[in-house]
Structure formats: C-alpha cells, structure tokens
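Protein chains: 2
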Amino acid sequence: MARPSSLDELIEALRCLPGVGPKSAQRMAYHLLQHNPRGGERLSLAIAHALKNLRHCIRCNNFTEAEVCERCASSKRDPSLLCVVEMPVDLNTMEQTHAFNGLYYVLMGRLSPLDGIGPRELAFERLMARVGDGLVKEVILATNFTNEGEATAHYLSELLRARGLKSSRIARGVPVGGELEFTDAATVAQALRERREY
Amino acid sequence: MARPSSLDELIEALRCLPGVGPKSAQRMAYHLLQHNPRGGERLSLAIAHALKNLRHCIRCNNFTEAEVCERCASSKRDPSLLCVVEMPVDLNTMEQTHAFNGLYYVLMGRLSPLDGIGPRELAFERLMARVGDGLVKEVILATNFTNEGEATAHYLSELLRARGLKSSRIARGVPVGGELEFTDAATVAQALRERREY
Ligand SMILES: [Zn+2]
Ligand SMILES: [Zn+2]
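Those sequence lines, one after another, are chains R and P. So in UniProt numbering, spot 14 of the first sequence is number 14, and the numbers just go up one at a time. So in UniProt numbering, spot 76 of the second sequence is number 76, and the numbers just go up one at a time.
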C-alpha cells in the first residue's frame with residue numbers, strides 16, 4: 001500500500017530545495033500534480049535549461065550564459081574598483097544603490113570552517129588572479145557583517161595586503177549581524193561611501 | 001545588466017511551488033546551481049516522470065501509476081465501507097490509525113465557493129457513481145473540520161441521503177477548525193470510532 005514510486009521520488013527530490021522538509025515537499029508535490037501540472041512542466045524544463053546553460057563568468061564568478069558576463073564586458077564600468085560580495089543577491093543589492101560603478105567578484109559563499117568551507121573551497125586563488133590584472137587599484141570588501149562575513153573580509157584583506165593591493169571594507173552602516181540582502185538601499189549606499197581602508 | 005534569462009526563468013518557474021515567494025525562489029535557484037546541481041537534475045526528472053506516470057485511480061481518485069491503485073485492488077479491504085477524505089495526506093493520516101479497513105475516495109479538494117470550487121470542480125458525480133457499485137453500505141465523511149470541510153461533508157450527506165445511502169461523519173474528536181493532517185493518530189482513531197450518522 002505504499003505510495004506510487006514516482007510520487008515518492010518527486011517528494012524526495014523536492015527536498016533538495018533549501019528549507020523544504022518532508023511535509024512541505026508533500027504539499028508541493030500534490031499541488032503540482034493536482035493544481036499546476038503546467039507549472040510543473042515549466043519548472044522541470046527551467047531547471048534542466050538553467051543547469052545546462054549557466055556557468056560562472058570567468059571574470060566575476062557570477063552566473064552567466066556567456067564566458068564573460070555583460071557587466072564585466074561593459075566599457076562603462078570602472079575597472080580600477082573591484083567589489084567583492086558573497087552571493088549574487090548581494091551584488092544585486094549593491095547595484096540597487098546606484099552608488100557603485102566598478103566591477104564585482106562574487107565569492108559564492110563565505111569562509112565557514114564548521115561547514116568545511118575554507119579558502120580552497122571558495123577558490124581564493126581565482127580572486128587573487130583576478131585582482132592581479134594590473135587595472136584593479138582598490139578591492140572593496142562587501143561581505144556581510146556576520147561573523148563569517150567579517151572573517152572572510154579579514155582573511156582577504158591579509159591576502160591582498162601581502163600582494164601590495166589596497167583593500168577597503170564597506171562601513172558598518174549595515175546593522176551588526178545583518179545581511180546585505182535585507183538592508184535598504186540607502187543604508188547600503190552610505191556604507192559604501194563610508195568604506196574604510198583595512 | 002539583467003540576470004541571465006535562464007536564471008530568471010528558473011526563479012520565476014520555482015514560484016509555481018506553493019509558499020514560494022520571489023526571495024525564496026531566488027535562494028532556491030542559487031542553491032541548486034551552486035550547491036546541488038545533481039539534486040536539481042534529479043528534481044527536474046522527478047517532476048517530468050511524475051507528471052507523465054501518475055494518474056487518478058478510477059476507483060478512489062488517489063494518485064496511482066496503474067488504472068486501479070493497489071489499495072482498491074486489494075481483497076483484504078472491506079468494500080462495504082467507503083471513507084471520503086479531502087486529500088491524499090488525509091488518507092495517509094487515516095491509514096496510520098490502523099482503525100479503518102474499508103476503502104477510500106479522495107476528493108482532491110473541498111467545496112470552496114470563494115475560490116470557484118463547487119460540486120462540479122470536485123466531480124461529485126464520479127463519487128456518486130463510485131458509491132453506487134452495490135457494495136458500499138456506508139459512506140464515512142472524513143473531510144476536515146474547517147468551515148469548508150464541514151460544508152463539503154454536509155453537502156455530500158444530502159446527496160447521499162437523496163440516493164438512499166447511509167452516511168456518517170467522523171466524530172468531532174478532531175479539534176474544531178483543525179486539520180486531519182496535523183492531528184495525532186490516537187485522536188483520529190477515536191474520531192473514527194465515534195462517528196455519528198448524518
Ligand atoms: Zn562577470
Ligand atoms: Zn484506488
């Protein structure tokens with residue numbers, strides 16, 4: 001009297017989504033099957049398509065469909081400023097301030113020893129290669145003001161100093177313990193203006 | 001400087017899942033791409049597979065891969081008792097009580113005039129055809145004790161009475177306003193034992 005296996009598999013597979021436990025996976029599966037099969041079809045294709053087409057920009061590490069993303073390829077951005085953020089959502093938050101016209105580097109994470117995420121997992125050597133292009137004059141460290149974000153910024157500032165590169169940290173206008181993603185654009189803009197040298 | 005279109009499409013497509021807003025769709029997309037591409041592949045296939053393989057059992061209306069599901073095909077269940085529930089999760093809850101050995105009918109919803117869900121949308125005529133098989137002696141109405149579930153049970157009891165069929169309602173051991181899915185098995189078992197005739 002088990003559930004049909006393809007239903008069980010769907011429920012199990014939905015649990016790969018962050019924040020989705022057994023109960024909500026079940027609800028999602030029934031919802032798709034009963035009320036939104038077309039949405040399900042679209043989702044199935046969108047996942048397959050995204051996995052096939054998206055890769056990391058060789059310059060900023062953000063997701064892109066080209067080798068170099070539009071932003072990195074743009075001649076309108078100042079290549080002497082490089083802003084390092086944890087995640088693509090943080091980059092979006094920075095852009096929404098309209099207070100920054102340089103380029104970005106997306107770490108796709110933060111140092112987190114407890115989760116086994118160290119400098120190697122975040123490929124810091126790729127960032128170091130990126131900042132050594134001869135154009136970057138200042139690296140703005142815009143990781144979150146969480147413990148892990150702070151540790152990441154500190155670690156990177158040491159690496160950059162060892163290479164004779166100037167780094168700065170956006171100001172602590174962002175609430176202590178807060179995350180960029182949930183901060184309003186004005187506060188983030190101010191934090192950017194008040195960045196201090198490491 | 002827009003996001004790559006296949007990323008935007010993935011984020012948009014994830015919103016077809018119940019309870020997933022723009023923020024969490026974004027988080028889910030980045031998580032799949034960055035941390036769990038294999039999970040994403042699995043999910044894409046599982047959705048496609050489930051949509052292709054699952055259909056409604058012609059007897060109980062539950063999801064199944066066969067024309068008639070295992071439970072309906074079993075000779076160990078009492079065909080004189082038919083328990084009507086709203087959703088597959090409710091059927092699972094009933095089964096967990098081990099207090100019922102009859103058969104089921106899954107409405108796949110409840111009457112909800114505000115959402116445009118009436119007797120036609122729930123295909124009550126299919127249920128009426130089902131109960132007219134000459135074997136069913138009693139229809140146990142086990143919809144939720146929400147307003148909509150109560151209205152559904154009441155409506156069905158009238159339909160059944162008009163056909164000279166006995167119907168009963170599980171006892172209000174389930175807390176008023178509560179849903180079966182979130183009620184412990186012992187309470188549901190008692191509610192089943194204390195069912196009263198409509
Ligand atoms: Zn780029
Ligand atoms: Zn069945």
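If you are wondering where the hints come from, they were derived from the structure by calculation, not from laboratory data. Warning: the hint list may mix true and false statements.
Unchecked claim - Residues on chain P that point at chain R, a partial pick, calculated with CB under 8 Å: (1) Ser6; (2) Pro18; (3) Gly21; (4) Ser24; (5) Gly39; (6) Leu51; (7) Leu54; (8) Ile58; (9) Thr64; (10) Met108; (11) Ser112; (12) Leu114; (13) Val136; (14) Tyr155; (15) Leu159.
Glycine included, each C-beta is placed from N, C-alpha and C at the ideal position.
Given proline 18 of chain P was flagged as interface, is its beta-carbon under 8 Å from a beta-carbon of chain R?
Cβ of proline 18 of chain P sits 5 Å from chain R, so the hint holds.
Hinted contact serine 24 of chain P with chain R - closest CB pair below 8 Å
This hint holds: serine 24 of chain P lies near chain R, its Cβ roughly 7 Å from the closest one there, short of 8 Å.
Cut-off 8 Å, beta-carbon criterion: hint that isoleucine 58 of chain P touches chain R
This hint is violated: isoleucine 58 of chain P lies away from chain R, its Cβ roughly 14 Å from the closest one there, beyond 8 Å.
Do the numbers back the hint for serine 6 of chain P, that is, is its least Cβ distance to chain R under 8 Å?
holds, 4 Å
Return the status of the interface hint for valine 136 of chain P: holds when the least beta-carbon distance to chain R is below 8 Å, violated otherwise.
violated, 20 Å
With a cut-off of 8 Å, does the beta carbon of methionine 108 of chain P approach a beta carbon of chain R closely enough for the hint to hold?
At about 5 Å, which falls below the 8 Å cut-off, the nearest Cβ of chain R leaves the hint on methionine 108 of chain P intact, so it holds.
Taking the closest Cβ pair, is leucine 51 of chain P under 8 Å from chain R?
holds, 5 Å
Does leucine 159 of chain P meet its interface restraint, that is, does its C-beta lie within less than 8 Å of any C-beta in chain R?
Where the cut-off is 8 Å and the nearest Cβ of chain R is about 22 Å from leucine 159 of chain P, the hint is violated.
Is the shortest C-beta separation between serine 112 of chain P and chain R less than 8 Å?
violated, 12 Å
Hint check, glycine 21 of chain P versus chain R [nearest Cβ-Cβ separation less than 8 Å]
violated, 12 Å
Agreement of hint glycine 39 of chain P with chain R interface, Cβ distance less than 8 Å
The hint holds - glycine 39 of chain P has a Cβ within 8 Å of chain R, the shortest such distance being about 3 Å.
Take the shortest C-beta to C-beta distance between threonine 64 of chain P and chain R; is it under 8 Å?
holds, 6 Å
Violated hints for the displayed structure, listed by number in ascending order: 3, 8, 11, 12, 13, 14, 15.
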